[in-house]
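Starting from the structure of chain A, add chain B where the hints point.
Just so you know, the sequences run in chain order A and B.
Per the numbering used here, the first sequence starts with residue 1, numbered consecutively.
Per the numbering used here, the second sequence starts with residue 275, numbered consecutively.
Hint data in this document are derived by calculation from the structure and do not stem from the laboratory.
Be aware that one or more of the hints could be misleading.
[Stated by the list, open to error] Sample of chain A residues at the chain B side, in silico, Cβ under 7 Å:
1) Pro21
2) Val29
3) Gln36
4) Asn37
5) Lys39
6) Asn40
7) Gly106
8) His109
9) Arg112
10) Met114
11) Phe116
12) Gln118
13) Arg219
For glycine and all other residues, C-beta sits at the position ideal for the given N, C-alpha and C.
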Amino acid sequence: MNTNGMGSPPLSAENRRKAGPTAFNSVRVFIWRTWQNTKNNGFGFIMDAVLSPVLMLLIFTYLFGGAIAGSTGAYIPYLLPGILVLTVSPMTVYSGTTLCQDISKGVYHRFRTMPFWQPSAVLGPLVTDAVRYLIALVVILAAGRLLGFRPAGGIRGAALALLLTALFAFAVSWIFSMIGVVAKRPETVSGTSMMILYPLMFASNSLVDPGTMPGWIGRLVELNPISVVVTAVRGLMEGTTGGGEIAAGLGVCLVLIAVFAPLTFYFYVTKPLR
Amino acid sequence: MSYAIQVQGLRKSFRGQEAVKGIEFEVRKGELLALLGPNGAGKTTTIHMLSTLLPPDSGSAWIAGFDVVKQPKEVRARISLTGQFAALDEGLTGLQNLRMIARLHGYPAKEAREIAGHLLESFGLTEAGNRIVQGYSGGMRRRLDIAAGIVSRPEILFLDEPTTGLDPRSRQGVWETVRLLLAQGTTILLTTQDLEEADQLADRIALMDQGTMIAKGTSRELKTWLGGKTLELILTEPADPVLLTRLLADSSGRSNIRSDERLVYRIPVDNAAHAGQLVQSLLETPIGIESFSLKEPTLDEVFLALTRDSRDGAVTKRDSGRSPQ
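Here chain A stands alone, though its shape is the one from the complex (with noise of 0.2 Å):
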């Protein structure tokens, strides 16, 4: 029994206002929710974005470089482009840890009785996310600049290997997105998350050249995506790469991007709520 005795309504400015707003608007607002709460706890962000990374490429320039490499001046434009992609992997973790959280937190029971387009809730973070990417990755650069770092790519080349990176960071935040909404609890997303992500980052191209490991190893280590994607920014950063590594690198992103993403949104907007 249906007692809708209403009909159809007119479509006025305040019918308008009811069906929600647009799908754009929507995930601009969520990117600025996000951006509010990163300046709101500007501390966290600055370890975060800034002395991490900067500490991760201290560390491995004075203390690995010389072994691996003779010396750190030598070592620095090998590992540079590296550093970029391993600094901004275990960032993509914080997006799946974040939404769980704030999935298990009351506001997204709001968000999902609220008329706008769902997967913007979902979409938004990760954009926000993006940028804080390349902020890392700015600084990474600067910071090696100091340390004698000179790409032959030039300024054009660099910036294009940071986009690519930062790309990329984008791509995989979606894989720990999916598992931060299937997930109870955060600390599952974060312990799953590091066992897919840590061999991954090691056993690439990143820190060392494949070459001087076991064949059968090294060749499997060409294969593993995260090294596709730094030959793809090594090469950008020197000003030598053709176009099939880029191409390569870009595949790998969007790959990860149509499979994860719809994933994403999909298990976001069934996930039951208990």
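Just chain B now, kept in the frame of chain A:
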């Protein structure tokens, strides 16, 4: 008459456990219905189904005439849910929270800012507006949460245990807010475990226990069903309970006399005259009376009596009989 909320045979199970076992009720426009029941009664599950968060296993529900399963978008445009956990972004300020919600409802940025400012003012949060919510007290959070719930001026508001865990002063603040919203014509479905809250705010009360609805009616009707008044006697010194109970039963004509300890006795009576006679007859005995008083049944007693019935398996469904189809 069209209802704001209409529920028919709604059911929901979680892993084989039936949380809501086919409930029916309706809420008229502009009315506050309190869903009253203990933990695990199925109140929150019901609210989640009505606010499109959970799909029901069977049964139907309409919000402002729209089907919650088939027309969730229309439903969402007319409702607002304030859940048991404050649905706020802890990392944002109060003002930022309200601006965000207003923007997500489709208000342009400038209007969103105005609405947020007005709401903070009417909820007494202007000063706290620029502080981060993490530092708010429980009462402030709840008020901000309700404010966030009415940004869109919803026709229908779901309040899930809005005062649980609040101190008495904050609770009063929330009640005033609820009354204000009712006065503005909002329809409210409120869940609570607190009988006083239901008594204070609700036009009608629906009692839930273990997934079923065991009684519906106004607070006065519910109290009437339990029967009449109670005479409470406090003695000056302990008396032999067996002897005294028999004496009281003889002179009151009632057998269901309760005594908490040897000093306090509760006797069901018909009216004040009946109680007076009883006290008079006791004064003629050597039993000393410290004080006596005539009590209306409390909703607590109604609640305990009815839930005891339903748990004993002797489900006596009660209805005000005034719910028209």
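Valine 29 of chain A as chain B interface residue, shortest Cβ-Cβ below 7 Å: With a closest approach of 4 Å, the valine 29 of chain A hint holds.
Does lysine 39 of chain A meet its interface restraint, that is, does its C-beta lie within less than 7 Å of any C-beta in chain B? 9 Å, violated
Next item in the hint list is glycine 106 of chain A. Is there a CB on chain B closer than 7 Å to its CB? 4 Å, holds
Using the nearest Cβ pair, does asparagine 40 of chain A come within less than 7 Å of chain B? Since chain B brings a Cβ to about 5 Å from asparagine 40 of chain A, closer than 7 Å, the hint holds.
Is the interface hint for methionine 114 of chain A satisfied, with its Cβ closer than 7 Å to some Cβ of chain B? Because about 6 Å separates methionine 114 of chain A from the closest Cβ in chain B, which is inside the 7 Å limit, the hint holds.
Restraint check, 7 Å cut-off on beta carbons, for histidine 109 of chain A near chain B: 5 Å, holds
Taking the least C-beta to C-beta distance, is glutamine 36 of chain A closer than 7 Å to chain B? 5 Å, holds
So, arginine 112 of chain A near chain B? Judge it on the closest CB pair being under 7 Å. Since chain B brings a Cβ to about 6 Å from arginine 112 of chain A, closer than 7 Å, the hint holds.
With 7 Å as the cut and Cβ atoms as the points, is glutamine 118 of chain A at the interface with chain B? 10 Å, violated
Interface hint for proline 21 of chain A, Cβ within 7 Å of any Cβ on chain B: 4 Å, holds
Let's test the interface hint: is any C-beta of chain B closer than 7 Å to that of phenylalanine 116 of chain A? 5 Å, holds
Does arginine 219 of chain A pass the interface hint, meaning its C-beta sits closer than 7 Å to a C-beta of chain B? 46 Å, violated
Comparing the model with each earlier hint shows violations of hints 5, 12, 13; every other hint is respected.
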